[in-house]
Amino acid sequence: MTLSDHLPVLQVIVPLLAAPLVILLRNGFLAWLASLLTSLCALGLGSQLTATVLAHGPQHYHVGGWAPPFGISLSVDAFSALLVLLISGASCLALAGGRLSLRRDIDNRRAPMFYGAWLIAVAGLSGIAVAGDAFNVFVFMEISSLATYILIAGGRDRRALSAVFKYLIIGTIGATFYLIGVGFIYMMTGTLNFDDMAVRLEGVIETRPVVIAAGFITIGLALKAAIFPLHVWLPRAYTYAPNAVTVFIAACSTKVALYVLLRFNFAVFHGNLLGHSELFSAFVIPLALSGILIASLVAVYQTNLKKLLAFSSVAQVGYIALAAGLTSASGLLAAMLHMFNHALAKGSLFLCVAAFALVSGDTSLKRLQGIGRRMPWTMGAFVIAGLSLIGVPGTAGFISKWYLIVAALEFGQVGFLLVAAIVVSSLMAVAYLWHFVEGAYYGTPPAGESSPMEVSLPLRCLIWVAALSNIFFGLFPQLPLALARSGTSALLQGGLY
Amino acid sequence: MSAEMLPWILVLPLLGALAIAFCGRWPNLREGISLLTAVTLAVLVFSQAGGVMDGARPYILLTEPLPGLPIALSLEPLGMMFACLASFLWIINTIYSIGYMRGNREKHQTRFYVCFALAIAAAMGVALADNLFTLFLFYECLTLSTYPLVAHKGDQKTLASARVYLGLLLTTSIGLLLPAIIWTYVTAGTTRFTLGGIIDGNLDGPAIGLLLGLFVFGIGKAAVMPVHRWLPAAMVAPTPVSALLHAVAVVKAGVFAVTKIIIYIFGVDFLFAQPSAQWLQYAAAFTIIAASVVALYQTNLKRMLAYSTIAQLSYVVLATVVLKPLSEVGAALHIAGHAFGKITLFFAAGAIYTAAHKTELSQLAAIGRRMPITTAAFTIGALSMIGVPPTVGFVSKWFILAGSFQAENYLAIFTIIASTALNAMYFLPVVYFAWLAPPSPDVDMNHGEAPWPILLALSVTATLTIVFFFFNQPLIDLEQQLVQSLPLESRP
Amino acid sequence: MKLLGLFNYWVFAVLLMIGLYTLISKQNLVKKMLALAIFQSAVFLFFITMSKIEGGTAPIFRAGAGEQVFSNPLPQVLILTAIVVGISTMALGLAIVVRLYEEYGTIEDDEILAMDRNA
Amino acid sequence: MITSLLIGIFLLSLLVVTALAIVRASDLFSAVMLSGIYSLLMALNFFLLDAADVALTEAAVGAGVATVLQLAALRMAPATEARHRRARGLAVAVVVVSTLLMIYASFGQPTLGDPQAPPQQHVAPWYIEKTPELVDIPNIVSAVLASFRGYDTLGEVFVVLTAGIGVMFLLGGGRGKPFRGLDSQGEDGLQEHLILKVVARILIPFILLFGFFIQFHGEYSPGGGFQAGALLVAGLILYALIRGERRALAVIPPRVLLWLSAGGAFLYGSVGVAGMLLGGEFLNYSVLASDSIAGQHLGILVIELGVGMTVTGVLLSIFHAFAARD
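Residue numbers (the numbering used here), protein chains in the order written: chain A, 1 to 497; chain B, 1 to 492; chain C, 1 to 119; chain D, 1 to 326.
Treat the hints with caution; some may be incorrect.
[As the list claims (entries may be wrong)] For the chain A half of the interface with chain C, some residues (derived, Cβ under 8 Å), not all of them: (1) 158; (2) 180; (3) 419; (4) 423; (5) 475.
What the hints contain is simulated information worked out from the structure, not anything from laboratory work.
Ideal Cβ positions, reconstructed from N, Cα and C, are used throughout, including at glycine.
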């Protein structure tokens, strides 16, 4: 076997096996450097994997040499590749951009543990993205969840602890629900492999347990993905986590849960459960809609920038869920695109927030008054990424909103209503972002803090690269489009593995 | 003269903005760069005009982010005129700005010049847009880049107004214009500006009227009532901003877009035959009359000008929906003609503010004695608004009226005549007051004219307002192409 | 007889919901962790029930035992992993509880929430 | 047949009663003790259901490790639950409806022990049939765990490692106090209790020995790295209780525990990488030796060792981290 055959598993084990080595280091800087290099390596592997998938179609890997359904197989299609890119990219961005911020939050002695957990989180999330086995997804979900709890608990504010405890409880409930669902399917099919499941479910006559399984899996993953109203853990967890951690998890962690949700519902249930589309739509669309509207509204009234953006994330997850809830090819396309584009926008935004916090020490809107004049470069990048979040044309956010609207219009009578909701919530996004931007540019800075004070040049460059990528993918969206197209068709055709 | 030049029209002011940002520490250099950029841009734009007159329609595809929705630039007569207008007036406005900003010791001047250059770049993008999507893109850029200019002062009152400005423009564009574009795209499969329109055969009945409504009210910058509120709100901006942007670039981008959509998306003939589209002329007529009446009651000079602008913008809309070739030419001419007159008026208002710190109409008594040049320019601008020869305002009104007679559209004729009377009613007293009223004792009169850049700028525009009355043939020729290229049966 | 054969699944459902209810309604954090354990162990029972075969034995070959019927090894393997995951979550959760107590001086969720609100 | 079913039903009912008792107990110490009993009952049930490995693990983990951890946590926090008399109508409704739904769905499920159920038809028979031929160890559970689904087990080891990292990160001497014993007297442990001392002295070697037996005999009988680790830790914790924390640490310093934890996980991964380097897939043990069966044996031995190391290291670190807090 050549190295490129091993790409799917390397994506997981490179960060995974680097973690135990990192925790043995005694120096925070070295641990950070090792994590960054490992993440860059993962990003390189991810790009290679993406190229391979786009060129040669889905990749399969039989761990241990055992063929599925007996052994565990890894399956990477374009959708998985998209996720892998997001995860490794977000990790690189957050680590590279969050060096100073992390040094402030995590004391040097505990830093190796922290970075070890970081790498395990990267590996866990990637492991979910490439998995082809339902139970394996559970294992890696737990790895990534435990690691993420650690990362969030690193926040300096004591509220990080209460937030993470809530997240732990809800995350465990979610994962356990998922496991129950897998159990029910196993009971009716005898298999754990996604592809095998899809095939064998066709022959199942008694569908009551399967419906229950679909319910458990969907609710469990909706908990993890923070679909409204199951989002209660998210705002506080994002707010009180260390700033660099927020950059990382906001960009990719809920998306991985959504990924599994879509994988299960479309690759496994879609063709096999009578009326599954209607049920799924009926369940997801109302939740997604209310999430979009209510979370956006709540965001308008926030007084802490991180919390504001966290509620915006709940709304954005709503968009993705809404797109998926349309249960059409164009809807799935929009969902995948929005995963990518929202990760770009939110990653950049939270990176700017981390930079603000470095200067002002706090992320409350009050403390950030006038920050736009003190940090014009960072603020400029924030505005660009914010435009992408709103969905202004020319930015990446517009591309996915466009596809979402097109998909909604195809949905029939309700479509117009959905479009109206999307438009209204985009306007609310303007409102909540402007709530901050206006104060940042025109507010009076807190006493004694009016002199300009930008962050270091490399960090500024990184922030601008992140912000400009929002424009770049708004004008040249070929890469995410190709991935989403190929991912959609793979998901709907089934029989992928 | 090639299509490859088109992107440079956008890139040039962007580069200018960047250079200005970097030179913020050296005011002279910064303003030199501003001026240089403006001049270079104007040269670049005017160099394209000859080709367009000869019938060239350069086109360039920049990128195609979504299938069927390219970002592309092209030039046609209407856009050519708008680009020429905005780029030329930018030069004059830059000179004026230098005088105004220094004279009033405004803060954050670098931000001002940067955003100004960005706004011009966006306006150029609107002028050059080859399809609705591209138009929308630059339309939004224009809104966003002018927000910092409107909010320039940064106090609570200004911010509140700026919020109205931004809120109204973004809400209408995202809430109405974007859905209209999507609807167009979904029904017609394209959003490209095409002669004769792209709607014909894809949509009919009341839906046409609805779509038209989405477009007209979605383009909040055209300020058709009731989406006009942002314009008076925007008057909190420094006067150069009101002058160039809210008399020329931004508002004209609005009516320009409406005109372009009616001509190239709906198609004049198609729309003429649609009863469901008739409501628009009533809306425009109402806006003209109502805004004029409101202007009568204003006590603040700039606000009065703002309401006058609202009325004048609807002239363009009305002229367009008369849907006759002559009136389309008139609409195009009015875009230009009103620009010269209104920028002169704003320049004069700014000059008075700079020299005498007066903003209210009641304070203007006998100001003509202290500031004769300014007041003279103001008078010329006012006459152009009313449409008195020899000012350019007369020419455009003539064409609009001619078109209305052609269409036997008595509503339009009546509206134009009535509003001319109203215009006279609110402008002439101010002129009279400024020249002839006795100075009131409690008003400070210890001031002279404004700084020379201001005077220079307003003299130039006032002169042009008159010159254009005599030498308007090239412009008419250019816009005649609009008519000639219209389908035959609607020719006079 | 058939009904008795489903009894295990009913107990699974009841235990699961006892755990879930406690998680939602109890405020004490240690109690929540105990409830989480009950909640997860219900799932263990669910899987192990699936693995049982009538007349089977534990899936270990014994020399000279002749023809044997083995219960299903796969759910057992899965649950071995799940138990380990459960104890890991328990350890981490308890560590957080300890830190919470150090920071807030209480392990009642509502009291902590109240302190957060006032902060 | 019917007898075992009835015993099962009795035990399960007991389980429900215990669970309710845990929920109702307001004294947290008794709740913890009850949950230990709950785990033992659960283990008993597993044993009845032919799951010997799972029963052993549940007993070691649920009744052993978890109880120790809970007690350690309670040592630092109030041991009684505050009284809340708030009826949660919505929660009750949700819970009752879900229970009924699941019971309703259960009528579509195969009954207990049904040999025709899909799980007994599809993948599992292949494991039973092929294990002697492909892996050749008697314990099929070990074969599936270590080889057929070895990747999951790798994940499991990393879950344990992550928990260890987390506890060390959260409690890792944040206040920098010296380690002390579980009792309040400090470093001398429970030395003065003669009976305890004697019993422990006798017990500890046996526990450790049994742990090592399970570690290396897991392929033949129930057990393996995880259970072995748990048992070793139980022995060492007993030692720490008796001799005091500081002396226990002198036997195995924290840094060594860290190396043990990280090393075990890395060892496991290295076996997988070795498979890749020798031309197979990740975690393919067959290529480790010239003979594929021998390769499987070698691979399983090494990865079980890795599991044992990590579990021992992590559990001891966790215990020390908790004990160090005061």
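Hints and how they fare:
1. Taking 8 Å as the C-beta contact cut-off toward chain C, the hint placing residue 158 (chain A) at the interface holds, the least distance being around 4 Å.
2. A distance limit of 8 Å between C-beta atoms decides the matter here; for residue 180 (chain A) the minimum to chain C is near 6 Å, and the interface restraint holds.
3. The closest approach between the C-beta of residue 419 (chain A) and any C-beta of chain C is roughly 37 Å, which is over the 8 Å cut-off, so the hint fails.
4. The interface hint given for residue 423 (chain A) is broken, as the beta carbon of that residue sits about 34 Å from the closest beta carbon of chain C, more than 8 Å.
5. Interface hint status for residue 475 (chain A): violated, as the beta-carbon distance to the closest one in chain C is roughly 44 Å, over 8 Å.
Going down the numbered hints, you'll see the structure goes against 3, 4 and 5, while the others check out.
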